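A.B. asks: Using the UniProt record's numbering, read the sequence shown as starting at 1 and increasing by one per residue.
FYI, nobody ran anything at the bench for these hints, they're computed from the structure. Watch out, some of these pointers could steer you wrong.
Unchecked claim - Straight-line distance between alpha carbons at most 25 Å, and here's what the computed DSS-like set of lysine-lysine pairs gives:
1. 137 x 92
2. 137 x 164
3. 164 x 258
4. 396 x 412
5. 239 x 273
6. 273 x 316
7. 299 x 273
8. 396 x 376
9. 131 x 164
10. 258 x 299
11. 239 x 225
12. 412 x 299
13. 115 x 273
14. 17 x 49
15. 49 x 21
16. 137 x 239
17. 17 x 137
18. 92 x 131
19. 412 x 431
20. 131 x 258
Unchecked claim - Derived CB-CB ranges, DEER-like:
21. 388 x 120: 50 to 56 Å
22. 107 x 379: 48 to 54 Å
23. 406 x 120: 31 to 37 Å
24. 417 x 259: 29 to 35 Å
25. 406 x 372: 29 to 35 Å
26. 444 x 129: 54 to 60 Å
27. 314 x 74: 49 to 55 Å
Here the structure is a predicted model, which means the values were calculated and not measured. For every residue, glycine included, the Cβ atom is placed at its ideal position computed from N, Cα and C.
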Amino acid sequence: MFKRSTQQFGYQRGGWKPGSKHQKHMGLNPTLYLYRFPGPRGPGPYTMKYWWTLGTFPTGMEVPFRLKEFLATYQQEHVPLEVEEWLSCFVKDPVVALQEGVNDVLHVLEATSRKTEQRGYATSDTVINRKLLSPLKVMEDQLGVRIPVVGIRAAVNAPHLREKVLDDLYEYGEILAESGSTPHRRAAMEQLEKFPVSEGEIPALTSSEQATQEKEVELSPNLEKAVSAVLSPPAASAKDEKKLIEILTSFAEGCVLKNQMDEAYTTLSGALKFAHGDETRSVTHANVATSALLNGKLKEAEFHSRESALLGTAPKRTPSGKRGYALWAATVAYQDDFARAERIVDEALQLYEAAPSDVSDSSTHDTTSLRALKEKIHELGELNANMDPSLRGARKHFHADRVRGIEEGSGKSFQNEFDWVLFKNKLYPSKMNPGTNEMGSVFRRVGDLGGAISTSRSMEPL
Numbered sequence: 001m002f003k004r005s006t007q008q009f010g011y012q013r014g015g016w017k018p019g020s021k022h023q024k025h026m027g028l029n030p031t032l033y034l035y036r037f038p039g040p041r042g043p044g045p046y047t048m049k050y051w052w053t054l055g056t057f058p059t060g061m062e063v064p065f066r067l068k069e070f071l072a073t074y075q076q077e078h079v080p081l082e083v084e085e086w087l088s089c090f091v092k093d094p095v096v097a098l099q100e101g102v103n104d105v106l107h108v109l110e111a112t113s114r115k116t117e118q119r120g121y122a123t124s125d126t127v128i129n130r131k132l133l134s135p136l137k138v139m140e141d142q143l144g145v146r147i148p149v150v151g152i153r154a155a156v157n158a159p160h161l162r163e164k165v166l167d168d169l170y171e172y173g174e175i176l177a178e179s180g181s182t183p184h185r186r187a188a189m190e191q192l193e194k195f196p197v198s199e200g201e202i203p204a205l206t207s208s209e210q211a212t213q214e215k216e217v218e219l220s221p222n223l224e225k226a227v228s229a230v231l232s233p234p235a236a237s238a239k240d241e242k243k244l245i246e247i248l249t250s251f252a253e254g255c256v257l258k259n260q261m262d263e264a265y266t267t268l269s270g271a272l273k274f275a276h277g278d279e280t281r282s283v284t285h286a287n288v289a290t291s292a293l294l295n296g297k298l299k300e301a302e303f304h305s306r307e308s309a310l311l312g313t314a315p316k317r318t319p320s321g322k323r324g325y326a327l328w329a330a331t332v333a334y335q336d337d338f339a340r341a342e343r344i345v346d347e348a349l350q351l352y353e354a355a356p357s358d359v360s361d362s363s364t365h366d367t368t369s370l371r372a373l374k375e376k377i378h379e380l381g382e383l384n385a386n387m388d389p390s391l392r393g394a395r396k397h398f399h400a401d402r403v404r405g406i407e408e409g410s411g412k413s414f415q416n417e418f419d420w421v422l423f424k425n426k427l428y429p430s431k432m433n434p435g436t437n438e439m440g441s442v443f444r445r446v447g448d449l450g451g452a453i454s455t456s457r458s459m460e461p462l
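Sequences are here, hints too, so could you generate the full structure?
C.D. replies: In structure tokens, the structure reads:
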């Protein structure tokens, strides 16, 4: 009557997953014993305890997704060997890169032929190969200075500069190979000094540990000297820095030959970062002052010449200090302050005519040039005694001033408001100046276009 259900069940009730509800049977579904695993409803507080302390759930089956932490810490520190080998093709040791750059620049300049003068033809400077640009960029990046190509070309073509530049570059490469680059060493020391180690960060040793350490390691007395010789850069300019200043000065001289005074000033200002020690800084400041004076920048020239004068006379009197004083006085005289210029020369004479015990060089005592300068300044002061004070310093004495005037200034027949006007990087004839509708403007023919009243000026009838 009632049909008996003859369905046979196996041992397995419920699903096959470890967390599902009903019983399994090991004979049919042998499972790994899982100590505490997150069940079908997600992990509870007990399993989460292991997540936070052990780092995974206790089974170790679930892999935590820790990409963020990996990227933040471990990946920053670890570079696989293959990647390092691959990188070594591109990322060079800075000093090696600088050395290769200097050698490449030298090879290109040596290969540049000399300027030949032929009768009946105008001579122009020989062109330097474009291969110069990439090693020059390497040099600029490593040293943090700008080296103008104009100056390089002029220096290689000038007979009195060519050999000096090539010799200096060769010697600079030799010094780099022998003892490394001092500017890089200075930069490294600056970076190290930014992270001072406080005493609390160094773990203190117990007396027994200290005793064992002292037994094991015996430091030689010369070690400290050797380490400081390598790590600590010298207080004065090192050999390579002096050579670098000479190279940059030669290139700046080339810029001056081509009347590129701005470039010369920039190059010599860049050389200042390699000048350490009073004497070297005094000489370099004097060079910068000369280039600033030729560039017509009298305030900058006054600053650098004063620095040169003070540095050249601070511990002992040097010829560069005398040159600094002469430049300082000349710069002040160019600004038409003749009384002050004369006082500056008097101060220099007072310093250099006193019998000094600290200077062996006889050229330092020679004040003929300073006396001649004083006479000239005195003469000019008398000539300009009746100058209107408001005109003082208004005269332009240098070629660079005239060039700048033509490039940037305004004159009677050019660059004035009746000629052309610049508006949003475009040139317009003055009557089409979009910024105004004054008399003569084409915009007076147009009404107010029904816009809002934007000024307090009452509207003019056409």
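A.B. asks: Each hint needs a verdict: does it hold in this structure or not?
C.D. replies: A quick look at each hint next to the structure:
1. 137 x 92: 14 Å, holds
2. 137 x 164: 22 Å, holds
3. 164 x 258: Given that 25 Å is the threshold and the Cα spacing comes to 18 Å, the pair holds.
4. 396 x 412: Distance ~18 Å between residue 396 and residue 412 Cα, so the pair holds.
5. 239 x 273: 14 Å, holds
6. 273 x 316: Holds, because 23 Å separates the two Cα atoms, which is no more than 25 Å.
7. 299 x 273: 20 Å, holds
8. 396 x 376: Since the Cα atoms of residue 396 and residue 376 sit roughly 19 Å apart, the hinted pair holds (cutoff 25 Å).
9. 131 x 164: With Cα atoms ~21 Å apart, residue 131 and residue 164 stay inside 25 Å; holds.
10. 258 x 299: 23 Å, holds
11. 239 x 225: Since the Cα atoms of residue 239 and residue 225 sit roughly 20 Å apart, the hinted pair holds (cutoff 25 Å).
12. 412 x 299: With Cα atoms ~28 Å apart, residue 412 and residue 299 exceed 25 Å; violated.
13. 115 x 273: 33 Å, violated
14. 17 x 49: Measuring from Cα to Cα gives roughly 23 Å; hence the hint holds.
15. 49 x 21: Since the Cα atoms of residue 49 and residue 21 sit roughly 24 Å apart, the hinted pair holds (cutoff 25 Å).
16. 137 x 239: 23 Å, holds
17. 17 x 137: 65 Å, violated
18. 92 x 131: 20 Å, holds
19. 412 x 431: Roughly 18 Å separates the two Cα atoms, so the pair holds.
20. 131 x 258: 22 Å, holds
21. 388 x 120: 50 to 56 Å: 53 Å, holds
22. 107 x 379: 48 to 54 Å: Given a distance of about 53 Å, which is inside 48 to 54 Å, the answer is holds.
23. 406 x 120: 31 to 37 Å: 32 Å, holds
24. 417 x 259: 29 to 35 Å: 31 Å, holds
25. 406 x 372: 29 to 35 Å: Holds: the Cβ-Cβ distance is about 34 Å, inside 29 to 35 Å.
26. 444 x 129: 54 to 60 Å: Hint holds: Cβ distance 59 Å, inside 54 to 60 Å.
27. 314 x 74: 49 to 55 Å: Given range 49 to 55 Å: holds, Cβ gap about 54 Å.
The structure shown violates the earlier hints numbered 12, 13 and 17.
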